[in-house]
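Since the structure of chain A is provided, determine the placement of chain B on it from the hints.
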Amino acid sequence: MSELVKQLGFFVSAAGGVFEGMNMIIITGAVLMGLVVGAIPGLTGTMALALLINITYTMDTATAVAFMLGVYVGAVSGGLFSAIMLNIPGTPNAAATALDGYPLAKQGKGGKALFGGVAASCGGTIISAILMMIATPFIYKIALKFGKWELFLLAIFGITICGNLSVDSSPLKGWLGGFIGFFVAMIGVDDIYNGARFIFVPSLTSGVELIPALIGMFGIAEVLCVLMDKTPFKVNAEMGSIFPDKDEAKQLFKPLIRSSLIGCGIGAIPGAGEDIAAWMSYSVGRSRSKKKELFGRGSFEGLACSETANNACIAGAMIPMLTLAIPGSTQAAMFLAALNLHGVQPGPMLTIKSPTFMYTVGLTIIVAAILMVLMALVLTKPMVHILQINRKVLMPIIVMLTVVGAYASRSSLFDIKLMLVFGVIGFILRKMNFPLAPVTLGLILGGTADTAFRQALTQGSMVSLLTRPMGAILIVVVLYSLISGAMKTVKSTKAELAKASEGK
Amino acid sequence: MEGQKKRNAVRDLVSGAFLVLFGIYVIVESKNMRVYNTFIDAPGFFPMIIGIVLTGLGAVLAYIGFRTGGVTELREVCSFSFLKKFFMEDSTIRVLVLLAMMVIYIYVLVGRIHFILASAIYLTATFLYLKAVKQWWLAIIIAVVSSCVAYYAFRLGFGIILP
Chain A
1 MSELVKQLGF
11 FVSAAGGVFE
21 GMNMIIITGA
31 VLMGLVVGAI
41 PGLTGTMALA
51 LLINITYTMD
61 TATAVAFMLG
71 VYVGAVSGGL
81 FSAIMLNIPG
91 TPNAAATALD
101 GYPLAKQGKG
111 GKALFGGVAA
121 SCGGTIISAI
131 LMMIATPFIY
141 KIALKFGKWE
151 LFLLAIFGIT
161 ICGNLSVDSS
171 PLKGWLGGFI
181 GFFVAMIGVD
191 DIYNGARFIF
201 VPSLTSGVEL
211 IPALIGMFGI
221 AEVLCVLMDK
231 TPFKVNAEMG
241 SIFPDKDEAK
251 QLFKPLIRSS
261 LIGCGIGAIP
271 GAGEDIAAWM
281 SYSVGRSRSK
291 KKELFGRGSF
301 EGLACSETAN
311 NACIAGAMIP
321 MLTLAIPGST
331 QAAMFLAALN
341 LHGVQPGPML
351 TIKSPTFMYT
361 VGLTIIVAAI
371 LMVLMALVLT
381 KPMVHILQIN
391 RKVLMPIIVM
401 LTVVGAYASR
411 SSLFDIKLML
421 VFGVIGFILR
431 KMNFPLAPVT
441 LGLILGGTAD
451 TAFRQALTQG
461 SMVSLLTRPM
471 GAILIVVVLY
481 SLISGAMKTV
491 KSTKAELAKA
501 SEGK
Chain B
1 MEGQKKRNAV
11 RDLVSGAFLV
21 LFGIYVIVES
31 KNMRVYNTFI
41 DAPGFFPMII
51 GIVLTGLGAV
61 LAYIGFRTGG
71 VTELREVCSF
81 SFLKKFFMED
91 STIRVLVLLA
101 MMVIYIYVLV
111 GRIHFILASA
121 IYLTATFLYL
131 KAVKQWWLAI
141 IIAVVSSCVA
151 YYAFRLGFGI
161 ILP
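So the protein sequences, as listed, match chains A and B.
Residue numbers for the first sequence follow this note's numbering, beginning at 1 and rising by one.
Residue numbers for the second sequence follow this note's numbering, beginning at 1 and rising by one.
Only chain B is shown next, with the shape it has when bound in the complex:
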């Protein structure tokens, strides 16, 4: 429980600081936007208010994180031993690998090769990585069948032609 509270402090500090920087970026960008008539009806007016609010609320969040021990914990979180432990954790590795597979599927495969093939490759790789089924050939069968079912169901049922 105490550990969770401390992790929350780090989260508040880091996300608050990020939002302050992001808010400043939004303010600067909005200020540089073209003014057509007056500034209060210019395209940059409302985004500037959003930037100010993000900066202000982000600063409050960072302050809360700072006061509740975020800095001390951040030092610990940024230490080599913690980072090593974090990146060696099962859940972290799983998320990173799954995300990498999604990136390859969406940014590399879809649109370049046929949807059925792209999806079958992605699904087979993911099933095998997650050890979703005991036999490798079963993973391939499920992947191919689900890709084909999705493709033809959308094509014939809903008239949607997939890439």
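Okay, chain A solo, but in the shape it has when bound:
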């Protein structure tokens, strides 16, 4: 009971900060920025967050958190505008949305689909933020008992599960991506002895700066990929009214709880991300629906399934990030980088050092979601014009902004050069079909994995882990993710070999 009262006190204290006038203005502006960025095909939420991290450098921590979360929430939803009106998902997580959103727009219900999608996104965000605020204190309690072995296993679990989930068939490239990220994290002097490792140029002595690397991988690589093709965009769908009727609204809110739970759960798995949540929720929704024949032909229920789940992922991804410093998605990784820039260290100790922080995050996400619906009322129609923005003008300007973003935090020209190098690496990895989420996770978790592993080895053998419940659970889940991934690889290789021999 006393614990509940204590948590309520933290909640009220956090609410006082979130509902401050200036904070609300910042969130409003950030949500608007996120919606616009997410709506433009080729500009992803991850890219926006990567570019904006350094802008928050001059802000105080509370403002920076409000700003980044506002952009995050807006950008995840923004993808639905181009998915519905152009049949081109603005962000990868809106791909499932296009399946029903575009047919609805072709039927003259584009406005209803857009507003309904934003409303479903809002519902999913709020429910998952509430779940996050309920679940996180319990996870903190478990995380506080973690030793070095547990930290190491968590990092390995993050890489393996992220590798398993970020590719469709074999997780091999996902795992390799994670270990490439681990390698990059090894560059510089080590944390225990200050021993030099892979210092190719003197500027790398302190290691690879996370923010320029992320800006390169998600900014420059994205710009090159977008400008590679010449797809012109043309809105050939009908807008109509923006308010769904009673029956349509009923369909929109039908999958709310189920899709929110799916989204929040998937979001909490490291690296799984919004797109997996949206597809899984869509697939479950179709199998449970009484009107499954409408799925893919313009179903409000189908639209709500994907939109609710992809936004519910936001708060879900915050759970492992806040408690274990393991981001649940690439956007959450950007948020983690921003927090590091402000000296906030997520992880088990955060609940002791800053007990209100988790509630600030949860409440900011809820406020951003509500503001997003209000903005959608006004912006739905004008937003269609933004979709047709000339990307050949926009993308070079984005390159200029990546330069600013990479330079800003340390005023270092080397960081700009490093950013370009990572841009090229990111582009090559994408062209070679390597997912970037495990690389990002490896980059973030590499230092922890290295130090925790070496310290754990010197403190005692891994057998001691089996006597601790969390340790034993972690060993089982790591083994499970490795074995299931290996089996998936064998299966997909056999299928490919069979196809190759058929071709001969």
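Certain hints may be false.
[As the list claims (entries may be wrong)] Straight-line alpha carbon distances no greater than 27 Å define the calculated BS3-like cross-link-like pairs of lysine-lysine that follow:
{"hint": "1", "chain 1": "A", "residue 1": "K431", "chain 2": "B", "residue 2": "K85"}
{"hint": "2", "chain 1": "A", "residue 1": "K491", "chain 2": "A", "residue 2": "K431"}
{"hint": "3", "chain 1": "A", "residue 1": "K291", "chain 2": "A", "residue 2": "K250"}
{"hint": "4", "chain 1": "A", "residue 1": "K417", "chain 2": "A", "residue 2": "K431"}
{"hint": "5", "chain 1": "A", "residue 1": "K6", "chain 2": "A", "residue 2": "K141"}
{"hint": "6", "chain 1": "A", "residue 1": "K392", "chain 2": "B", "residue 2": "K85"}
{"hint": "7", "chain 1": "A", "residue 1": "K381", "chain 2": "A", "residue 2": "K250"}
{"hint": "8", "chain 1": "B", "residue 1": "K131", "chain 2": "A", "residue 2": "K431"}
{"hint": "9", "chain 1": "B", "residue 1": "K84", "chain 2": "A", "residue 2": "K431"}
{"hint": "10", "chain 1": "A", "residue 1": "K392", "chain 2": "B", "residue 2": "K131"}
{"hint": "11", "chain 1": "A", "residue 1": "K6", "chain 2": "A", "residue 2": "K353"}
{"hint": "12", "chain 1": "A", "residue 1": "K148", "chain 2": "B", "residue 2": "K31"}
{"hint": "13", "chain 1": "A", "residue 1": "K353", "chain 2": "A", "residue 2": "K148"}
{"hint": "14", "chain 1": "A", "residue 1": "K431", "chain 2": "A", "residue 2": "K392"}
{"hint": "15", "chain 1": "A", "residue 1": "K292", "chain 2": "A", "residue 2": "K254"}
{"hint": "16", "chain 1": "A", "residue 1": "K246", "chain 2": "A", "residue 2": "K290"}
{"hint": "17", "chain 1": "A", "residue 1": "K6", "chain 2": "A", "residue 2": "K145"}
{"hint": "18", "chain 1": "A", "residue 1": "K392", "chain 2": "B", "residue 2": "K134"}
[As the list claims (entries may be wrong)] Reference excerpt, derived from the structure (chain A facing chain B, CB under 8 Å, subset only):
{"hint": "19", "residue": "D190"}
{"hint": "20", "residue": "Y193"}
{"hint": "21", "residue": "L227"}
{"hint": "22", "residue": "V399"}
{"hint": "23", "residue": "L413"}
{"hint": "24", "residue": "K417"}
Think of the hints as simulated: they come from the structure by calculation, not from any bench.
The beta carbon of each residue, even a glycine, is placed where N, CA and C say it ideally should be.
For chain B alone, coordinates are given in the frame of chain A:
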């Protein structure tokens, strides 16, 4: 679809082989790193494990590429006619030119001349190359205005002085 599968086989073979070589490099470098106390807590211990994993998984990837027809396709990909076709493709040329422009902007212009001038030159050149706008003078105006807006917005709004 079949073409895509074959290209995937080449990608797997080439990236797998590269990762095997890279993994071996990481192992050798890690082995040569200084040992302060024991090897298991030395700076080179974890990188060595990373190298071993990269080599092992890279070998599996290369093997998959090899078994799914990567070698035959690689011969085709390395042929003069294919390479000529590849380098003459619109998308390849566009990426190479855009990348060259970025390299010049970042490695040559930024830091040597004022940010506004460097960015305006880069943006104008890129707009003109991409034929982003119909009139050349419009390209210059957009480039100069966006460079100035970025510079002063960051300087006045966020206190960040750009190079």
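Now for the hints, and whether the structure bears them out:
{"no.": "1", "hint": "A/K431 x B/K85", "result": "holds, 18 Å"}
{"no.": "2", "hint": "A/K491 x A/K431", "result": "holds, 24 Å"}
{"no.": "3", "hint": "A/K291 x A/K250", "result": "holds, 13 Å"}
{"no.": "4", "hint": "A/K417 x A/K431", "result": "holds, 21 Å"}
{"no.": "5", "hint": "A/K6 x A/K141", "result": "holds, 14 Å"}
{"no.": "6", "hint": "A/K392 x B/K85", "result": "holds, 25 Å"}
{"no.": "7", "hint": "A/K381 x A/K250", "result": "holds, 23 Å"}
{"no.": "8", "hint": "B/K131 x A/K431", "result": "holds, 25 Å"}
{"no.": "9", "hint": "B/K84 x A/K431", "result": "holds, 19 Å"}
{"no.": "10", "hint": "A/K392 x B/K131", "result": "holds, 8 Å"}
{"no.": "11", "hint": "A/K6 x A/K353", "result": "holds, 15 Å"}
{"no.": "12", "hint": "A/K148 x B/K31", "result": "holds, 24 Å"}
{"no.": "13", "hint": "A/K353 x A/K148", "result": "holds, 20 Å"}
{"no.": "14", "hint": "A/K431 x A/K392", "result": "holds, 21 Å"}
{"no.": "15", "hint": "A/K292 x A/K254", "result": "holds, 13 Å"}
{"no.": "16", "hint": "A/K246 x A/K290", "result": "holds, 18 Å"}
{"no.": "17", "hint": "A/K6 x A/K145", "result": "holds, 21 Å"}
{"no.": "18", "hint": "A/K392 x B/K134", "result": "holds, 12 Å"}
{"no.": "19", "hint": "D190", "result": "holds, 4 Å"}
{"no.": "20", "hint": "Y193", "result": "holds, 5 Å"}
{"no.": "21", "hint": "L227", "result": "holds, 6 Å"}
{"no.": "22", "hint": "V399", "result": "holds, 6 Å"}
{"no.": "23", "hint": "L413", "result": "holds, 5 Å"}
{"no.": "24", "hint": "K417", "result": "holds, 6 Å"}
Checked against the numbered hints above, the structure breaks none of them.
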